[in-house]
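Visitor: The listed protein sequences correspond, in order, to chains A and B. Per the numbering used here, residue 1 is the first one in the first sequence, and the count goes up by one each step. Per the numbering used here, residue 1 is the first one in the second sequence, and the count goes up by one each step.
Treat the hints as calculated values from the structure; they're not laboratory data. These figures come from a predicted structure and were not determined experimentally. Check before you lean on any hint, since a few could be wrong.
In the EDC-like style, the derived pairs of lysine to aspartate or glutamate whose C-alpha atoms are separated by at most 20 Å in a straight line are [to be verified]:
1) B:Lys142 x B:Asp69
2) A:Lys46 x B:Asp257
3) B:Lys142 x B:Glu232
4) B:Lys266 x A:Glu40
5) A:Lys46 x B:Glu261
6) B:Lys305 x B:Asp90
7) B:Lys175 x B:Glu232
8) B:Lys273 x B:Glu24
9) A:Lys115 x A:Asp171
10) B:Lys44 x A:Asp313
11) A:Lys117 x A:Glu29
12) A:Lys259 x A:Glu224
One side of the interface only, derived from the structure: several residues of chain A facing chain B at Cβ under 8 Å [what the hints assert, rightly or not]:
13) Glu36
14) Glu40
15) Pro44
16) Asp62
17) Gln135
18) Pro306
19) Thr315
Non-contacting residues of chain B with respect to chain A, defined by C-beta distances greater than 10 Å in every case (computed) [unchecked claim]:
20) Ser42
21) Leu271
22) Glu284
Where is the CB? At the ideal position from N, CA and C, for every residue including glycine.
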Amino acid sequence: MSTPNGTPREISWAQAINEALTEEMRRDERIFIIGEDIAEAGTPFKVLSGLVDEFGTERVIDSPISEPGITGIVVGAAMTGMRPVVDIMFGDFITLTMDQMVNQAAKTHYMSGGKLKVPMVMRTTLGATRRSAAQHSQSLHAWFSHVPGLKVVVPSNPYDAKGLLKTAIRDDNPVAFFEDKMLFQAKGNVPEGEYTIPFGVANILREGSDVTLVATSSMVQVAEQAAMMLEEIGLSAEVIDPRTMFPLDKATLIESARKTSRAIIIDEGYERYGVTAELAAVIADGAFYYLDAPVKRMGAMDVPIPFSPVLEDLTVPTPQTVLEAAKTLCGRV
Amino acid sequence: MTESAQSTSQIASVDREQWVHLYEQMLKIRVFETQANQLYLSAKMPGLTHLYSGEEAIAAGVCEALRIDDYITSTHRGHGHCLAKGARLDLMFAELLGKEAGYCRGKGGSMHIADQDTGNLGANAIVGGSAGIATGAAMSAKMRGTDQVAVCFFGEGALGQGLLYEVMNMASLWKFPVIYVCENNLYNEYTHYTETTAGTLVDRAHAFGMETAEVNGQDVREVYVTAMRLVERARAGEGPAFLVCNTYRFFGHHVGDINREYYRSKEEEELWKTERDPLTLLAEWMQAEGITDTAVLDQIEVNVKAEAEAAVEFALNAPYPSLDEVDRHVYA
Ligand SMILES: Cc1ncc(C[n+]2csc(CCOP(=O)(O)OP(=O)(O)O)c2C)c(N)n1
Ligand SMILES: [Mg+2]
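With the hints as extra help, turn the sequences into a complete structure.
Guide: Written out as structure tokens, the structure reads:
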């Protein structure tokens with residue numbers, strides 16, 4: 001890991017992403033970014049504001065509303081010497097890009113016997129509770145995580161977002177980079193200057209001894225709040241953020257579960273057949289003889305995300321529901 | 001005959017009362033959207049919504065040419081289509097507020113209003129996402145031997161989506177009774193369509209040998225008579241059509257899109273609002289033709305506004321869904 005040298009500052013997630021792209025685009029002329037409303041509009045979330053002023057519309061490219069098309073273009077450009085980033089406005093729309101990502105980008109290196117490579121990044125979003133209803137609220141990062149050949153990044157704070165995005169851009173493989181749209185304005189410490197964060201290294205955000213909370217992306221803050229609530233009732237929770245779905249830092253998860261003997265996995269994707277199932281299996285495999293309770297999974301409820309706020313709020317794990325689950329696991333009910 | 005010459009003769013043959021009805025339909029949409037914006041501004045509506053104001057002539061004109069059992073599919077900017085096809089104001093507002101009384105029991109929200117009773121197969125928040133559905137509905141009508149027609153509403157932004165071309169090819173090949181209505185309001189969100197769209201719009205349909213028409217989408221008379229013609233053809237088994245309606249949205253892309261000068265000028269907005277307002281255009285023409293007078297139009301306005309206010313009141317007071325609704329209707 002290259003370490004930051006600058007002085008600490010507080011900036012938003014959006015600024016951190018913007019900085020990562022700016023720094024990388026200055027460093028490497030082969031990088032361009034393409035997507036819908038990303039140039040003058042700077043994306044509907046205003047994450048890329050100003051980028052076009054420095055790099056022009058040749059490198060910050062507004063596209064038609066053609067997700068499969070821009071993804072395919074990026075795959076081809078990446079195979080032939082460019083290092084592109086494609087912006088898919090909402091994570092729900094990755095469904096449109098599936099063939100390009102799954103059958104093209106992911107397999108090219110392998111199918112060519114290692115001759116071709118696809119150094120591209122797809123930036124997209126995940127996360128509910130924005131009252132955006134069923135087609136704009138899903139967390140579909142498990143879909144790409146399923147596919148050999150793809151790497152999947154799920155940062156949880158501005159510092160990680162910046163460092164991981166730079167690593168993603170420098171990686172020689174197709175990388176899907178999922179950002180929680182509820183966190184775009186969240187602030188965090190991001191030192192000035194150059195740093196990167198390697199893939200496959202989990203972050204232990206809080207050490208504990210009674211239960212391990214493995215949380216991803218949007219759910220990391222939920223786990224941290226639950227850990228504080230647990231502390232008040234005398235339970236010590238360890239909070240771990242894997243940061244990348246693949247490569248996955250299995251060792252850190254297993255080691256923590258062996259130490260605490262209990263684990264809860266919290267992720268905003270649908271619970272069934274999802275990230276929580278995979279991570280729970282990793283822990284069950286590696287820490288079986290050390291566990292005092294079955295590994296608990298907490299994902300989004302297995303329903304299309306409802307619009308009505310009273311219903312939507314029921315579909316995602318909250319600090320309260322994590323607290324209850326942890327108490328049950330620790331025999332505190 | 002050119003489209004407009006053809007229109008002129010057809011306009012003359014329309015029952016005069018029908019124009020007054022169209023005015024009322026358009027006004028209903030306008031008033032609905034004004035209220036929806038108010039609900040957003042006063043923080044009573046969850047999330048965002050995309051207003052149809054300025055484009056009313058298209059939904060009203062096209063749906064006027066349809067029967068209640070004909071199908072439509074709609075978009076993220078869909079309130080106008082739903083209302084024109086016969087949806088009720090109160091149940092629409094209730095859906096916008098996430099209430100159980102809403103068309104989708106509060107689960108769909110502004111972008112997903114569906115109403116089987118009026119042939120509305122649903123608004124869709126995926127750009128171009130309903131092209132397959134509308135085409136499939138037309139195929140089904142043909143297979144079932146009904147003479148129903150399906151209308152697929154979409155913005156010009158959907159011309160970027162490949163699905164649209166796949167289904168247009170099949171619709172033309174197999175003569176499905178479907179009308180593709182392209183609402184060209186000049187912008188894909190915050191980007192002018194000329195920056196995203198090569199060639200001309202109607203030429204896309206020509207490539208499939210499809211019947212095409214292009215109309216002034218601010219003039220409900222032109223929209224209506226052209227839609228009538230295309231719907232009749234489709235109903236008679238003569239195949240699909242592609243109708244481009246040139247129009248403009250008066251508000252932002254969504255209600256939160258307030259500062260718009262970086263992508264479109266105030267002058268442009270003013271021009272469309274003052275000189276190309278579909279309601280004003282129709283009202284002025286009806287008065288000039290002696291079809292109606294201000295007293296009648298004023299009365300319509302009073303009635304529509306009263307209905308809308310009562311509908312908002314109803315929606316505000318309606319209860320949220322009970323919590324056990326959350327996992328109901330996942331499967332049939
Ligand atoms: C497949 C897909 N890509 C992107 C979006 C985000 N988006 C919502 S509306 C919109 C612009 C649509 O423009 P247009 O089709 O012209 O409709 P208008 O909003 O002008 O009515 C975009 C890009 C989406 N909803 N679906
Ligand atoms: Mg448009």
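Visitor: Look at each hint and say if it fits the structure.
Guide: Verification of the hints:
1. B:Lys142 x B:Asp69: With Cα atoms ~14 Å apart, Lys142 of chain B and Asp69 of chain B stay inside 20 Å; holds.
2. A:Lys46 x B:Asp257: holds, 12 Å
3. B:Lys142 x B:Glu232: holds, 14 Å
4. B:Lys266 x A:Glu40: holds, 17 Å
5. A:Lys46 x B:Glu261: holds, 15 Å
6. B:Lys305 x B:Asp90: holds, 12 Å
7. B:Lys175 x B:Glu232: holds, 13 Å
8. B:Lys273 x B:Glu24: holds, 19 Å
9. A:Lys115 x A:Asp171: holds, 16 Å
10. B:Lys44 x A:Asp313: holds, 17 Å
11. A:Lys117 x A:Glu29: Holds: Lys117 of chain A and Glu29 of chain A sit about 18 Å apart, inside 20 Å.
12. A:Lys259 x A:Glu224: holds, 19 Å
13. Glu36: Holds. Min distance 7 Å.
14. Glu40: holds, 6 Å
15. Pro44: holds, 7 Å
16. Asp62: holds, 5 Å
17. Gln135: holds, 4 Å
18. Pro306: Hint holds; Pro306 of chain A Cβ to chain B Cβ min 4 Å, cut 8 Å.
19. Thr315: For Thr315 of chain A, the interface hint holds, since the closest Cβ of chain B sits about 7 Å away, which is under 8 Å.
20. Ser42: holds, 15 Å
21. Leu271: holds, 21 Å
22. Glu284: Given a closest Cβ separation of 36 Å, the condition holds.
Checked against the numbered hints above, the structure breaks none of them.
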